[in-house]
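J.: Sequence:
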Amino acid sequence: MSLDTSASSLHPPMSACRPLPPVAARVDAELARMDGEVDWLLALSPIGNDALWDSFEASGHTETRPLQYIDLDVDLHAARERLRALPVEDIESPLLSGLLSEKQRELERQIELVRLRGTAGFITASLDLFGGVEPSLLKLANAILEQVGSGAPQDADAGIDEVMVAVEEEMAWYREQSPDFNAEVVVDTDLNSLMMVSHGTFYIDGDLRVPRARVQPLIQHEIGTHVVTRHNGRRQSLRQLEVGLAHYDPLQEGLGVLAEYLAGYLPAERLRVLAARVVATEMAIHGEGIPAIYDLLHVTHGLPSDDAFDVAVRALRGGGLTKDAVYLGGLRDLIDYLRDDGEFEPLFVGKFALSHRVVLDQLIDEGWVVAPDLLPRYCSWPDFTERLSHCRNLPVERLFHQEPAQ
-11 MSLDTSASSL HPPMSACRPL PPVAARVDAE LARMDGEVDW LLALSPIGND ALWDSFEASG
49 HTETRPLQYI DLDVDLHAAR ERLRALPVED IESPLLSGLL SEKQRELERQ IELVRLRGTA
109 GFITASLDLF GGVEPSLLKL ANAILEQVGS GAPQDADAGI DEVMVAVEEE MAWYREQSPD
169 FNAEVVVDTD LNSLMMVSHG TFYIDGDLRV PRARVQPLIQ HEIGTHVVTR HNGRRQSLRQ
229 LEVGLAHYDP LQEGLGVLAE YLAGYLPAER LRVLAARVVA TEMAIHGEGI PAIYDLLHVT
289 HGLPSDDAFD VAVRALRGGG LTKDAVYLGG LRDLIDYLRD DGEFEPLFVG KFALSHRVVL
349 DQLIDEGWVV APDLLPRYCS WPDFTERLSH CRNLPVERLF HQEPAQ
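When we follow this note's numbering, the leftmost residue of the sequence shown carries the number -11, and every step to the right adds one.
These are computed hints drawn from the structure, not numbers from a lab.
Note that beta-carbon positions come from the ideal geometry of N, C-alpha and C, so glycine has one too.
Hints are supplied without guarantee of correctness; some may be wrong.
What the hints assert, rightly or not - Pair ranges (Cβ atoms, derived):
1) 166 to 280: 43 to 49 Å
2) 149 to 70: 39 to 45 Å
3) 35 to 82: 43 to 49 Å
Assemble the whole structure, with the sequences as input and the hints as a guide.
T.: This is the structure in structure tokens:
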């Protein structure tokens, strides 16, 4: 994959992209619209998390209430029928037909995932969509939990007000580079994550408290990866690069975690949490519940109680959401790609999977993809090149900081 990402090419005019053929453009637009209609991640994010922890703690960490979720206001059956009716077989380009058919199948699996939420069939649907835990990834996760110790303790001295100031400053910086850069920011006190981006909306836990040294790395993960790639994808003729080609999650999350390292502070505890998610996913696949997962992570591996509980709940979302294994898996695959001298800047043209690299070359040749309009802010920092070069030669199990970088 080769794109001109020199400073003069970071803001290419929209006309630089060749329009898609008519049928492909119509299918692409409808798939993008339906991607936003079925917000599966929000639908599978438990609510009432404080009460869930209180009841778990009161039981002596032996019992949990059933997970609760927001009500759905989407007719899933009708959405699936509209999806199946799209004229994918009439798309003019075999290249585009293959990509859009792949996305059509993924959206149908996502609809099925939401439909089966809370049922015995959910885990099978999750495995179909995200896969399970391969033995080599489980081996890596266990090695990290057993060998990576805790770093220097950091006080959680930054709250929501300080984080919001940093977020607003970050958004303003990007708007200076590209005036149409934008994302809705929502503060939610009942969020199952510290921060997350879902369908272009940036959600932040209203009760968030983190070490000050973690504020920028977390912002670089969410805005510098998820929001920036969505912005760049919006500039491409192929709308799927905005919402995400099929199976884009591993690369997105790998880039997000790498951004935390490049931003100067990926603590050992964070890498251990990513490893714990893999182990928890494997346990959930085999029918283990929150108490057993919590016990292994907290008692055996020494994760703090809040991290162990959060990981356990995430693994059981919907009935066993296997997506959490992609964070460590995506980071491992990304580091392998960089070690093989893979280009970094083209990874930000939009949201796609590493397996799409050859296809993206063809899309570039056809004129349907151009250079990224923006790169993450950390790419402008003086020591960025040195930090990235260091990552190209660093094993995943050593990709962490004992203390914040200067």
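J.: Next step is simple, just say for each hint if it's right about the structure.
T.: The hints, checked one at a time:
1. 166 to 280: 43 to 49 Å: holds (48 Å)
2. 149 to 70: 39 to 45 Å: holds (43 Å)
3. 35 to 82: 43 to 49 Å: Given about 44 Å between the Cβ atoms, the range holds.
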